[in-house]
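Student: If you want the building blocks of each chain, they are given just below.
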Amino acid sequence: MKIQQLSVFLENKPGRLSSVCNALAAAGINLSTLTLADTHQFGILRLIVQNWQEAKKVLEDGGYTVTVSDVVAVAVADRPGGLASILSIIESAGISVEYMYAFTVKCDEHAVLVFRFDQMDKAVALLKEAGVQIITADWLKTI
Amino acid sequence: MIALWNDLAGHFHPDSSLDYLPQPQLRTLQLQRLQATVCRAYERVELFRHRMEERQLTPDDIRTLEDIALLPFSEKSDLRDTYPYGLFASPMSEVVRLHASSGTTGKPIVVGYTAQDMEVWRQVMKRTFVAAGLHRGDIIQNAFGYGLFTGGLGAHYGAEALGATVIPISGGNSERQIMVLRDFGVTAICATPSYFVHLIEVAEGLGIDFRQLPLRTGIFGAEPWSEQMRRYIEDKTGIKAYDIYGLSEIIGPGVGAECAHQNGLHIFEDHFIPEIVDPVTGKPLPDGEEGELVLSTLSKEAMPILRYRTHDITSIITEPCPCGRTIRRINRISRRSDDMFIIRGVNVYPSQVEAALMRAERHLPHYLIVLTRRSGLDQMEVQVEVTREMLDDRISELERLQERLTKAIEDVIGLRVQVTLVEPHSIARSEGKAKRVIDKRNL
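Listed in order, the protein sequences are those of chains E and B. With numbering that gives the first Met the number 0 applied, the first sequence covers 0 to 142. With numbering that gives the first Met the number 0 applied, the second sequence covers 0 to 442.
Where hints are given, some of them may not hold.
Quick list of simulated restraints, FRET-style, between CB atoms [what the hints assert, rightly or not]:
hint, chain 1, residue 1, chain 2, residue 2, range
1, B, P167, E, Q49, 46 to 54 Å
2, B, E233, E, E10, 29 to 37 Å
3, B, Q378, E, D137, 49 to 57 Å
4, E, D137, B, E200, 33 to 41 Å
5, B, E203, E, M0, 28 to 36 Å
6, B, M91, E, P13, 53 to 61 Å
7, E, P13, B, G146, 39 to 47 Å
8, E, L82, B, R372, 44 to 52 Å
9, E, P13, B, R372, 24 to 32 Å
10, E, G80, B, I394, 27 to 35 Å
11, B, E200, E, S84, 43 to 51 Å
12, B, R372, E, M0, 49 to 57 Å
13, E, A124, B, N262, 54 to 62 Å
14, B, I394, E, S84, 23 to 31 Å
For the record, the hints were derived by calculation from the structure and aren't laboratory data. This one's a predicted model, so the numbers in the text were calculated from it and none came from an experiment. We treat Cβ as the ideally placed atom computed from N, Cα and C, and that holds for glycine.
From just these sequences and the hints, can you work out the full model?
Tutor: Right, here's the structure in full:
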């Protein structure tokens with residue numbers, strides 16, 4: 000139930016983000032979503048794509064350092080309180096969110112929340128139990 | 000027969016018989032050759048005679064090997080000041096070869112060889128390869144630069160004298176190096192260690208695993224490198240990585256070499272005398288103490304060099320080596336007294352930073368030290384390329400990495416410096432000697 004996210008190390012300099020995007024675009028890779036976490040020196044670009052193996056190869060061939068990590072993506076109703084309900088399930092079990100980001104899906108009333116938890120398997124089990132819709136890699140290919 | 004020498008794994012080999020002379024015989028040979036060299040330099044080299052006269056010395060004053068300490072030192076500046084041929088002791092009609100340094104700082108230095116000098120060079124390089132366990136039948140890819148630099152041709156002659164197959168590829172063109180390594184059945188490579196590390200990276204990018212190739216030996220020299228870097232190379236590629244030592248002013252490569260035990264470099268003492276002196280006062284230091292290596296040539300005709308200050312920091316190992324060679328060893332050159340830089344009053348060697356990075360990460364990231372001066376205060380920045388092993392998708396982990404590296408460097412040099420994580424391949428690679436420090440303080 001986990002999906003694979005690619006993370007790319009970037010120096011915090013003009014043109015670095017666009018060079019990654021250009022490399023992926025040139026290879027015809029479609030991004031499901033991306034987010035950039037940064038400090039004043041460097042950033043980590045986190046990407047979810049439909050075919051992560053291919054994207055990883057394109058980036059590594061382009062000379063980037065890439066790491067693959069498991070994240071959990073859940074679909075919640077795109078209305079106030081959607082995130083809060085998820086967080087309360089997680090926090091009450093003593094699980095921490097290491098980072099998260101969100102995106103909305105077009106033609107759908109849902110938002111997708113992407114999480115990295117400190118205890119991934121336990122979080123997945125709890126969310127499933129609570130009836131939260133967990134997104135699979137296959138589902139991502141349909142959007 | 001070759002198989003037999005192989006089984007002996009670096010033990011006695013007829014090409015290396017001079018490595019095993021009984022010590023008294025070796026010392027007698029050294030004294031005879033030292034006296035002859037001092038005579039030759041005194042009679043034929045004006046600068047040397049002048050310095051002897053200043054000390055009221057004549058060649059007759061050299062009665063024992065210890066008397067070498069009476070002789071004046073020579074320095075790189077002596078070669079520059081007498082550029083190009085001022086230190087030659089042979090007429091040009093007897094000089095069959097010239098080599099020169101790259102001359103990045105002012106005039107180059109020029110060194111000359113007679114036919115006999117070339118033969119000595121060939122022999123000491125052959126003994127270098129024998130010490131590393133190479134023999135006829137080996138296919139040696141020589142990635143030392145050919146040309147005025149002594150590394151390429153020195154290794155070339157030694158490998159040919161050994162009867163090995165030499166591929167004179169020279170430095171550079173990394174993809175072609177990898178292709179030749181893979182396709183030519185190469186069993187040994189000669190390169191600067193930093194360039195070989197670069198080749199490892201390039202091969203990885205091409206999906207080539209060195210462990211799958213016949214390559215089993217690396218002969219590395221021309222720049223100081225650390226024991227950690229050796230372990231990295233050996234773990235990553237499955238080869239045995241040997242350190243060699245030499246300098247153009249003395250002969251080129253072929254002054255010293257590691258044997259199978261990889262514990263110090265045997266100096267070819269029948270041709271060179273090593274001494275260790277205090278780098279500041281020049282006073283001789285006892286065996287075992289660390290100081291600056293000073294070398295004298297014993298058989299060079301075209302350019303005899305006496306008591307040359309190498310600026311390389313090491314110590315002499317007096318314990319006999321288990322390989323049975325009687326020629327003494329020096330410890331690996333960990334640093335040079337002149338690549339030291341001073342930052343906020345602290346003496347720092349690039350090798351200390353390298354050792355700290357490797358201790359923290361257990362592999363060798365590419366790094367570059369940049370020195371700047373901001374409002375009168377010296378700043379030291381260490382740029383470190385983020386490798387796949389180091390990368391994490393959490394900012395907090397990367398900040399922890401940065402802190403870990405900062406702390407590791409602080410533990411070694413006693414200063415907190417700026418560690419900057421940079422993208423892979425953003426630091427320029429060298430095809431020869433690696434450039435580890437950029438000092439922008441004088442600009």
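Student: Indicate, hint by hint, whether the structure satisfies it.
Tutor: Checked hints:
1. A C-beta distance of roughly 50 Å is found between B:P167 and E:Q49, which places it inside the suggested range of 46 to 54 Å.
2. Range check, B:E233 to E:E10: about 32 Å between beta-carbon atoms, so the 29 to 37 Å window is met.
3. For the hinted restraint 49 to 57 Å between B:Q378 and E:D137, the CB-CB distance of approximately 52 Å keeps it satisfied.
4. Between E:D137 and B:E200 the CB atoms are about 36 Å apart, so this pair conforms to the stated range of 33 to 41 Å.
5. Checking the proposed 28 to 36 Å range against B:E203 and E:M0 shows it holds: the Cβ atoms sit about 33 Å from each other.
6. The supplied range of 53 to 61 Å is met by B:M91 and E:P13, whose beta-carbon atoms lie about 58 Å from each other.
7. Between E:P13 and B:G146, the C-beta spacing of about 40 Å keeps the proposed range 39 to 47 Å intact.
8. At roughly 50 Å, the beta carbons of E:L82 and B:R372 sit within the given window of 44 to 52 Å.
9. Restraint check, E:P13 to B:R372: a C-beta distance of roughly 26 Å satisfies the suggested window 24 to 32 Å.
10. A C-beta distance of roughly 28 Å is found between E:G80 and B:I394, which places it inside the suggested range of 27 to 35 Å.
11. The hinted window of 43 to 51 Å between B:E200 and E:S84 holds, with their beta carbons roughly 48 Å apart.
12. About 55 Å separates the C-beta atoms of B:R372 and E:M0, a value consistent with the hinted range of 49 to 57 Å.
13. In this structure the hint that E:A124 and B:N262 lie 54 to 62 Å apart at CB holds, the actual value being about 55 Å.
14. Taking the beta carbon of each, B:I394 and E:S84 are about 27 Å apart, inside 23 to 31 Å as hinted.
Taken one by one, the earlier hints all hold for this structure without exception.
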